[in-house]
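Take each chain as given, in its own frame, and dock them per the hints.
Quick note, the sequences are listed as chains A and B, same order. Straight run, no breaks: the first sequence in UniProt numbering ends on number 306. Straight run, no breaks: the second sequence in UniProt numbering ends on number 333.
Possibly wrong hints are sitting among the right ones.
[What the hints assert, rightly or not] Covered stretches of chain B, going by a simulated chain A footprint (3 or more residues, C-beta under 8 Å): (1) 32-38; (2) 78-89; (3) 109-118; (4) 134-142; (5) 215-224; (6) 268-274.
[Stated by the list, open to error] Short, incomplete list of chain A residues facing chain B, as computed with Cβ under 10 Å: (7) I15; (8) E18; (9) I20; (10) V44; (11) L49; (12) V56; (13) L69; (14) L107; (15) Y115; (16) T134; (17) K199; (18) G239; (19) L280; (20) I281.
[Claimed, not checked] Here are the simulated distance ranges between beta carbons: (21) A:L188 / B:G27: 14 to 24 Å; (22) B:L165 / A:A290: 28 to 38 Å; (23) B:I157 / A:P25: 42 to 52 Å; (24) B:L93 / A:G95: 33 to 43 Å; (25) B:A33 / A:L242: 36 to 46 Å; (26) A:S14 / B:L170: 46 to 56 Å; (27) A:R120 / B:Y319: 45 to 55 Å; (28) A:S14 / B:L165: 41 to 51 Å; (29) B:V97 / A:G95: 37 to 47 Å; (30) B:L165 / A:R120: 19 to 29 Å; (31) B:G27 / A:K212: 16 to 26 Å; (32) B:A33 / A:Q264: 25 to 35 Å; (33) A:P25 / B:A216: 20 to 30 Å.
Because the hints were derived from the structure by calculation, they are not lab data. Small disclaimer: the values here were computed from a predicted structure and weren't measured. Think of the CB as a built atom: it goes at the ideal place given N, C-alpha and C, for glycine as much as any other residue.
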Amino acid sequence: MIKDTKNKDKDYKSIIQEHITKNAPKRKAFNNFMTILLFVFVIVAIIPLCSILVEVFKNGFGALSFDFLFKPPGSIGSGDGGIGPAIQGTLMVVGFATLIGAPVGVLAGVFLSEYSGSSRLFAYFLRLFNDVLTGIPSIVIGIAGYITIVLTLGSFSILAGAFVLSIIMIPIIARVSEETLKLVPNTLREAAYGLGLPKWKVVWHIVIMGSKSGITTGIVLAISRIAGETAPLIMTILGTSLFFSAFNSPVDALPLRIWRLASQPYPSAHEQGWGAALLLILLVLSLSIALRMFAQKRSITFKSVT
Amino acid sequence: MSLKDSKNTHAELVKKLDLQSRKSIFGDNFFKALVIGASLYTLLMVALVFFALAEGSIPIFLKEGINFVIGTDWNAVDGRESFGALPYIIGTLVSSVIAMAIAVPISVGIAIFITEMIPKKLGTVLSFVVELLAAVPSIIYGLWALFVFRFWIRDFIEEPLHNTLGDFSLFARAPFGLDVFTAGIVLAIMIIPIISAVSREVIKAIPHSQKEAAYALGATRWEMVRTAILPSAKTGLMGASFLGLGRAIGETMLVTLIIGNAIGLAAIPTSLFSQSQTLSSIIANEFNEASNDLHLSALIGLGLVLFVITIFINVVAIYIISKVSKSYSNLRE
Numbered sequence: 001m002i003k004d005t006k007n008k009d010k011d012y013k014s015i016i017q018e019h020i021t022k023n024a025p026k027r028k029a030f031n032n033f034m035t036i037l038l039f040v041f042v043i044v045a046i047i048p049l050c051s052i053l054v055e056v057f058k059n060g061f062g063a064l065s066f067d068f069l070f071k072p073p074g075s076i077g078s079g080d081g082g083i084g085p086a087i088q089g090t091l092m093v094v095g096f097a098t099l100i101g102a103p104v105g106v107l108a109g110v111f112l113s114e115y116s117g118s119s120r121l122f123a124y125f126l127r128l129f130n131d132v133l134t135g136i137p138s139i140v141i142g143i144a145g146y147i148t149i150v151l152t153l154g155s156f157s158i159l160a161g162a163f164v165l166s167i168i169m170i171p172i173i174a175r176v177s178e179e180t181l182k183l184v185p186n187t188l189r190e191a192a193y194g195l196g197l198p199k200w201k202v203v204w205h206i207v208i209m210g211s212k213s214g215i216t217t218g219i220v221l222a223i224s225r226i227a228g229e230t231a232p233l234i235m236t237i238l239g240t241s242l243f244f245s246a247f248n249s250p251v252d253a254l255p256l257r258i259w260r261l262a263s264q265p266y267p268s269a270h271e272q273g274w275g276a277a278l279l280l281i282l283l284v285l286s287l288s289i290a291l292r293m294f295a296q297k298r299s300i301t302f303k304s305v306t
Numbered sequence: 001m002s003l004k005d006s007k008n009t010h011a012e013l014v015k016k017l018d019l020q021s022r023k024s025i026f027g028d029n030f031f032k033a034l035v036i037g038a039s040l041y042t043l044l045m046v047a048l049v050f051f052a053l054a055e056g057s058i059p060i061f062l063k064e065g066i067n068f069v070i071g072t073d074w075n076a077v078d079g080r081e082s083f084g085a086l087p088y089i090i091g092t093l094v095s096s097v098i099a100m101a102i103a104v105p106i107s108v109g110i111a112i113f114i115t116e117m118i119p120k121k122l123g124t125v126l127s128f129v130v131e132l133l134a135a136v137p138s139i140i141y142g143l144w145a146l147f148v149f150r151f152w153i154r155d156f157i158e159e160p161l162h163n164t165l166g167d168f169s170l171f172a173r174a175p176f177g178l179d180v181f182t183a184g185i186v187l188a189i190m191i192i193p194i195i196s197a198v199s200r201e202v203i204k205a206i207p208h209s210q211k212e213a214a215y216a217l218g219a220t221r222w223e224m225v226r227t228a229i230l231p232s233a234k235t236g237l238m239g240a241s242f243l244g245l246g247r248a249i250g251e252t253m254l255v256t257l258i259i260g261n262a263i264g265l266a267a268i269p270t271s272l273f274s275q276s277q278t279l280s281s282i283i284a285n286e287f288n289e290a291s292n293d294l295h296l297s298a299l300i301g302l303g304l305v306l307f308v309i310t311i312f313i314n315v316v317a318i319y320i321i322s323k324v325s326k327s328y329s330n331l332r333e
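For reference, chain B alone in the conformation it holds in the complex (with noise of 0.2 Å):
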């Protein structure tokens, strides 16, 4: 092998070595863009959701203007057509108010009982089984609550309720079993999963010194729950009920099936036991026999509000559970 030889060989390699770095450099600059790509895609899509329904609801607003907000009246019939969404902004709030009633506490003490109550095991098998939970379909839960639930409903907790304390107003209604009250509670069954899932991470996360704290300054287990666990947890339990709410208020499918779909005024709850309507479950019902464009566009202004009321909850909730999760590195460290 001569020297002239081995230049040679060094000068090719040289230059294929560039070759493949300048191939690289393209490769590199190929995939970051698709990287970056997909990442603007979904920054994309929320975008496209708000533009869609934003133009989409023009109409409605600029027949009714705040009218569409605070109305109660719905009529779709041509020539007079006349659309107020207020009953169904109180539906909505009302039984979500209901299925969070219910849900949180169930899902912080299901949450705490399976984080300090129970061998661990035992626990991952429990909040397991809950989790299930989340993973059923909705409109299995309305077919449940449909054709099984809502009579028990009916027979077991409304009938006594409107006999013994039917003289108040919030008991009046005789109980059917298809209306706000029920839609409500099977709203929280679905929800406490979701809840009980992100408070089990909260006060997991809580240091295990504060706990061993109260212990050792004589605290039953309940009293270790309450003075070590539930003052440093509140606001990440907040936030994981706020991410409930925000499921609960988008829930459709069930809560078309089970709340009664009451139209207009009649749709605003008088008594626990009234058929009612949320923003979801009218857009579900009316959507595919819109009669004219004013009515597709009163029930897309419908899904606008119900994508500003949720996205705001939710943006709390995320807020919320950041700051937890900010507060608690700094704990452990």
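Excised from the complex, chain A in its bound form (with noise of 0.2 Å):
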């Protein structure tokens, strides 16, 4: 019985000593070959990016210049003019967008990571819905911004595009926030009350003020984020090729004439789209380029944020 199990043992060994050996080579092929074809996806995800900077700059680098920056566009086709416009726009627009957005996006995660003891139901459904306005399209979020601004003021105009976009930070910033007033140590926040502070004042000079740099790590995450979204600004603010007039009027913004001038038949208006394209992508990824730089030194996370 004994010799029995032994040899068994044995056979099992030599069994795995065998396959081992047998298989060897061709395990580590297999492995060298997984590890090659991984790092082609790697490749392969890069050459977008590569190709994309590449030609921006390329094609657009030609169609900077000083009409390029600050005249409205001219005749369609003809070449002339510029984008100024368009950049007026977008800033504005961003700018407004930032001014609903922000204190909304920050106050949100405060309650998140502050207040949220007192009421978890409301924080868990605050947190779903927070990430369900994260996932819908914003073009959706712009029909919506149609219907309630737009149609009740009669016009399209800055301000239906700034609520558009504010509506696209908000979850951000908030996630963002929430995640960095965690990283505040409950050691200080207890130092605070022990001082005898109000929770207002813990929440607003030791909180919140602590971690003012994370915060704006959101804010301006979420500014590069919208500053390259059209769907949306197609529905609220339309368009133009006018200088902003007034609140209630149609403004442009970059993406938009992008989009504009890309749709053209003409080589000129192809042009000047890749000199916009070179103006957008360089707001977009200095801002998200110092972000990461800094936000690698604290140690903030964008998880599904990004």
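Here you go:
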């Protein structure tokens, strides 16, 4: 009986031994094959980025000039004029959107991190709907903005555009704020309470002011997201070739202008389109590169926010 | 200092403290109200989007009924109006399925490569580069795809496929470059960073002991990935993919520029190289030219359909991911 098990044991061992030695080259080769395949995947993903950067710089650089940056567009197909109104419009719409979106987003983040203990169900739903809001396609949010603001005011306007973009910003800012506020060590809060400060002062002076840089990171991340949004602007600010005149008239924006220029059949328009794309990509990429380097230092994660 | 004096100061101090605490209670309540108000505003925005779409699409559902979702005819001419969204729903699904088929294996591969196969520092740099892809606005993807990438696709992928396998209906159309296949590929490029970022988090969360066990049994690196990582990361990777799918379905500008913008029956792709149209692209194309209220309502109705589809997909993704993170925290304990 004992002999038997020993024998079996030996058999088992030798079978494994045999298997390992026999299949070793095959397994090693397959391992190498998979390593190379995955490396190729990484290259495949990076090629588009390189190609986009190269093409945008190559084709867009020629368009840059003083007139291009500051003049309104000339007549269609002439290649005259520039994208001044688009630059102005983008800055204004993004600025106003931030004025609405940043406070709301930060305060919602404060609720999730500091006040959620008292009403867990509400916090649960807030988190859930925040995630849902992140997932709604921007064009759908644009339609909602059209129905609620544009139809009410009776005209396409910068207000409608800013409102719509702020809805896109809020969940991003709220999520990042919550994550950074949670990084503030509890001992700091306890020390502040120990000194007799009321809760709101603790939250405002210690928690929020202490994680100012992290909150700023969230806001800038959201700005770099909305700066390139196009679809919701079609139905809210419409686009125009004039500079800003009033809060209830259409304005232009860089992404919209790129879309219009790319849809025209003239090579001169395409060149201007690449020029506008160069400006937009410089704006967005420099923001997000700066952010990521900053965030890496402070170990803030963006997880599913990006 | 007499006793009376000190009593007085004591009373004053109490009074002062009382006043201060009343002030701070007011401050507390005020700040709490502010914070809760902001949270309610966020919830209100979700409700606003839903009700605006629902209200705006009432006319079209009254006129077309269920035909709006299953009809194939799309005609905005006055007096001959007919709006059926089925071709665009199909176009959305086909382009997203193509995108997913390409993006999921590549993204998961990238996530594995970055977390398991190269030194950590190099991995940080690589993930940084891949995530930059996520920062590029979709309109710039569209511009690049329209003027550069579609010619690559046409010359290097579509034409060889058409010339060798043209007998199959899948590759039957003469390739042009502006079609559902190109749109799917560019969508895939767009969602790779999102899927691979979330996948990386999932893979990172797997306990080290599991990997060590696989190595201890003599597994090669790939065998470790196959036996120790992929089975336990499966659900999480699925959640990541669903997040990517949600993005692909809602993506607008890029699709609008390169899918070929067919209308009605012609928008149902019969081959990979057919022109098509998605829910979001037809909204972007026709919204500003909507000729009458019914046309506008039809486009809003398309938005509602898109809203419902993406909400469903995102909620599934959120559910899967939350379940996974719960099970991991159990594992760690």
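Verification of the hints:
1. By the rule of at least three residues with a Cβ nearer than 8 Å to a Cβ of chain A, the coverage given for the region 32-38 of chain B holds, with 6 such residues.
2. Coverage of the region 78-89 of chain B by chain A is violated [criterion: at least 3 residues with CB-CB distance below 8 Å; count 0].
3. Coverage of a stretch by a chain is defined here by at least three residues with a beta carbon nearer than 8 Å to that chain's beta carbons; for the region 109-118 of chain B and chain A the count is 6, and the condition holds.
4. Evaluation of the coverage hint for the region 134-142 of chain B: fulfilled, as 9 residues show C-beta separations to chain A shorter than 8 Å, against a requirement of three.
5. With a cut-off of 8 Å between beta carbons, the region 215-224 of chain B has 5 residues touching chain A; three or more are needed, and the interface restraint holds.
6. Note: the region 268-274 of chain B has 0 residues with beta-carbon separation from chain A under 8 Å; the three-residue rule is not met and the coverage is violated.
7. The closest approach between the C-beta of I15 (chain A) and any C-beta of chain B is roughly 14 Å, which is over the 10 Å cut-off, so the hint fails.
8. With 10 Å as the threshold, the beta carbon of E18 (chain A) stays out of range of chain B, its nearest partner Cβ sitting at about 13 Å, so the hint is violated.
9. Because the closest C-beta pair between I20 (chain A) and chain B is about 6 Å apart, less than 10 Å, the hint holds.
10. Against a cut-off of 10 Å between C-beta atoms, the interface hint on V44 (chain A) holds, since the closest Cβ of chain B lies about 6 Å away.
11. Contact between L49 (chain A) and chain B, as hinted, is supported at the beta carbon level, the nearest pair being about 5 Å apart and thus within 10 Å.
12. A least Cβ separation of about 7 Å between V56 (chain A) and chain B falls short of the 10 Å threshold, and the interface hint therefore holds.
13. The closest approach between the C-beta of L69 (chain A) and any C-beta of chain B is roughly 18 Å, which is over the 10 Å cut-off, so the hint fails.
14. Using the Cβ-Cβ criterion of 10 Å, the hint placing L107 (chain A) at the interface with chain B is satisfied: the shortest such distance is roughly 3 Å.
15. Evaluation of the Y115 (chain A) hint against chain B yields a held restraint, the C-beta minimum of about 6 Å falling below 10 Å.
16. A cut of 10 Å between beta carbons decides the hint on T134 (chain A): the least distance to chain B is about 8 Å, and the hint holds.
17. A distance limit of 10 Å between C-beta atoms decides the matter here; for K199 (chain A) the minimum to chain B is near 5 Å, and the interface restraint holds.
18. Interface restraint check: G239 (chain A) against chain B, minimum CB-CB distance 9 Å, threshold 10 Å, status holds.
19. At a threshold of 10 Å, the smallest CB-CB gap from L280 (chain A) to chain B is about 6 Å, leaving the interface hint in force.
20. Hint status for I281 (chain A): holds, given a least beta-carbon distance of 6 Å to chain B, under 10 Å.
21. In this structure, L188 (chain A) and G27 (chain B) meet the distance hint of 14 to 24 Å, their C-beta atoms being roughly 19 Å apart.
22. Evaluation of the 28 to 38 Å hint for L165 (chain B) and A290 (chain A) yields a failure: the beta carbon distance comes to about 48 Å.
23. Checking the proposed 42 to 52 Å range against I157 (chain B) and P25 (chain A) shows it is violated: the Cβ atoms sit about 35 Å from each other.
24. A C-beta distance of roughly 38 Å is found between L93 (chain B) and G95 (chain A), which places it inside the suggested range of 33 to 43 Å.
25. Checking the proposed 36 to 46 Å range against A33 (chain B) and L242 (chain A) shows it holds: the Cβ atoms sit about 42 Å from each other.
26. Under the hint 46 to 56 Å, the C-beta atoms of S14 (chain A) and L170 (chain B), about 51 Å apart, fit the expected range.
27. Separated by about 18 Å at the C-beta atoms, R120 (chain A) and Y319 (chain B) break the suggested range of 45 to 55 Å.
28. Between S14 (chain A) and L165 (chain B) the Cβ separation comes to about 50 Å, which falls inside the hinted range of 41 to 51 Å.
29. The beta-carbon spacing between V97 (chain B) and G95 (chain A), approximately 40 Å, falls within the hinted interval of 37 to 47 Å.
30. Distance hint for L165 (chain B) and R120 (chain A): a CB-CB separation of about 57 Å, inconsistent with the stated range 19 to 29 Å.
31. The hint said 16 to 26 Å for the Cβ distance between G27 (chain B) and K212 (chain A), and at roughly 20 Å that hint holds.
32. Between A33 (chain B) and Q264 (chain A), the C-beta spacing of about 52 Å breaks the proposed range 25 to 35 Å.
33. Hint check: P25 (chain A) to A216 (chain B), Cβ distance near 22 Å, so the stated range 20 to 30 Å holds.
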